[in-house]
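For the sequence shown, the numbering used here puts the final residue at 383, and the numbers step up evenly by one.
Watch out, some of these pointers could steer you wrong.
Claimed, not checked - Just the calculated beta-carbon pair ranges, DEER-fashion:
1. A318 <-> A365: 20 to 30 angstroms
2. M275 <-> A318: 18 to 28 angstroms
3. V329 <-> G375: 21 to 31 angstroms
4. F324 <-> A278: 18 to 28 angstroms
5. V382 <-> D301: 36 to 46 angstroms
6. I315 <-> E361: 32 to 42 angstroms
For the record, the hints were derived by calculation from the structure and aren't laboratory data. We treat Cβ as the ideally placed atom computed from N, Cα and C, and that holds for glycine.
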Amino acid sequence: MTLAVYTVVYVALATTGLVLLRRSLADSSLADIVAEPGFYIGFAFYAASFLTFLVSLRRFDVLTVYPVFSGLAYATVTVAAVWVLGEHLSAARLAGIVLVGAGVVLLVR
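Take the sequences, apply the hints, and build the full model.
Shown next as structure tokens:
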């Protein structure tokens, strides 16, 4: 598999997992969290993203994998938080995403 395939899998799993975890943790007591299936599903997705990260480290340089995965996950989690969770996207946050993207491009060249 190529780095692009690993990246898509990692980003999809990490973004889905984090959004599900955040949704299940919002304003919930510990008893509510333990009874919430979304918590376990989110945890499973996030754990699977970490496994994808580990497998990709066997095939590619950490100096490539880490910035690409982290940068793209940062951007997709931000977009998902706005669309799914209704969080606010300020101009500063948008500028941060652009800067992270530029940093990823510079690091993987």
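Each hint, compared with the structure:
1. A318 <-> A365: 20 to 30 angstroms: 35 angstroms, violated
2. M275 <-> A318: 18 to 28 angstroms: 21 angstroms, holds
3. V329 <-> G375: 21 to 31 angstroms: Hint holds: Cβ distance 24 angstroms, inside 21 to 31 angstroms.
4. F324 <-> A278: 18 to 28 angstroms: 19 angstroms, holds
5. V382 <-> D301: 36 to 46 angstroms: 39 angstroms, holds
6. I315 <-> E361: 32 to 42 angstroms: The hinted range 32 to 42 angstroms is violated for I315 and E361, with Cβ atoms some 20 angstroms apart.
When each numbered hint is compared with the structure, violations occur for hints 1, 6.
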